[in-house]
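Asker: Sequence:
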Amino acid sequence: MHGEYKVPGGKLVVADLEIIDDRLTNVRIAGDFFLEPDEALDAINAAVEGLPAESDSARIAAAVRAALPEGATLLGFSPEAVGVVVRRALTNAADWRDFDWEIVDSGSISPRMHLALDEVLTAEVGEGHRGPTLRIWEWNESAVVIGSFQSVKNEVDVENAAKYGFDVVRRISGGGAMMMGSGNVITYSLYVPAELVQGMTFADSYAFLDEWVLQALQSLGIAATYQGLNDITSPAGKIGGAAQKRLGSGAVLHHVTMSYDIDGELMTKVLRIGREKMSDKGTKSAAKRVDPLKSQTGLARTEIIDRMLQSFRTLTGAREGHITDAEFAAAEELAESKFASDAWLHRVP
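For the record, in the sequence shown the residue sitting at position 100 is 100 according to the UniProt record's numbering, with numbers rising by one throughout.
Read the hints as simulated data drawn from the structure, not as lab findings. Errors might be hidden in some of the hints.
[As the list claims (entries may be wrong)] Cross-link-like lysine-lysine pairs, in silico, BS3-like; alpha carbons within 30 Å at most:
#1 K163 / K153
#2 K269 / K245
#3 K163 / K294
#4 K11 / K338
#5 K238 / K6
#6 K338 / K269
#7 K6 / K163
#8 K153 / K269
#9 K153 / K238
#10 K294 / K338
#11 K11 / K238
#12 K294 / K269
#13 K238 / K163
#14 K11 / K163
#15 K6 / K153
Using the sequences plus the hints, can you model the full thing?
Answerer: Written out as structure tokens, the structure reads:
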């Protein structure tokens, strides 16, 4: 069995192993990481050798950590990375280049249609009707998009949202509210088979699926990193956040919104961002903790998107694709029946 795992911001870790009598056997960990002293690699292999085949990544990581010689130095990887790569080997996980990727353009559509397309295209990938896909959002209407489990009244000043021309909609993934001014954010969606993130924890999968974006931003001079579960940040401030939804059909929706430009004063009028949420961020102002891409790069929004797509094509070999008429029709029906309904918007009042 063979598995590979590129540590976000780090190095490639490779695992080769066998299973005999439900135990991990002939374990060989390799990669382009750095490790001192040399004999620490033998300790890592020995720690994994003999573990039950059903061991999860946390158990494998704990065994590796306990076996490392005192003073061992791991650069570009970690015991947790070893746990992930072993699980990926055991589950025959896929890599980016194992799929035929498409990049699709839905054109400028309403926020509700974007949310509906996310659900439709994720389901299509899960059912095997389309390959893994990247879609960049374009729209000419402003909206506040709240997470699946958020309360409308707690997150949004509905009167101010209407006053300043922001529609309020709810997405199917969790996470926090996003104020998406027309032309002021960069949002993309990935629709991927579960095999791509096999063996990873939810937290691991967030950073893994966005590594190509961090590389694109870094190539533009932004010191972008992942922070916590789902924030893309830099020393200048938060850039954006990610959210996921995993469907029973075996597909993952992973979407990200990054601030290109921002009206901080307007954001505090439209969003109800309380002091408690800010207390663990080291700042009293939500506006001050966000630093948009425009101010960090001086580039046009389209130039940043072009660099992102270049990074994605380099990673995946993606080709240009299209959304079918049937997919658009299904999304239009869902946008009306679900995402435009009060029942969905106020399912958490």
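Asker: Hints first: check each against the structure and report whether it holds.
Answerer: Hints, verified against the model:
no.: 1; hint: K163 / K153; result: 16 Å, holds
no.: 2; hint: K269 / K245; result: 29 Å, holds
no.: 3; hint: K163 / K294; result: 26 Å, holds
no.: 4; hint: K11 / K338; result: 43 Å, violated
no.: 5; hint: K238 / K6; result: 24 Å, holds
no.: 6; hint: K338 / K269; result: 27 Å, holds
no.: 7; hint: K6 / K163; result: 47 Å, violated
no.: 8; hint: K153 / K269; result: 13 Å, holds
no.: 9; hint: K153 / K238; result: 25 Å, holds
no.: 10; hint: K294 / K338; result: 34 Å, violated
no.: 11; hint: K11 / K238; result: 25 Å, holds
no.: 12; hint: K294 / K269; result: 22 Å, holds
no.: 13; hint: K238 / K163; result: 27 Å, holds
no.: 14; hint: K11 / K163; result: 49 Å, violated
no.: 15; hint: K6 / K153; result: 41 Å, violated
When each numbered hint is compared with the structure, violations occur for hints 4, 7, 10, 14, 15.
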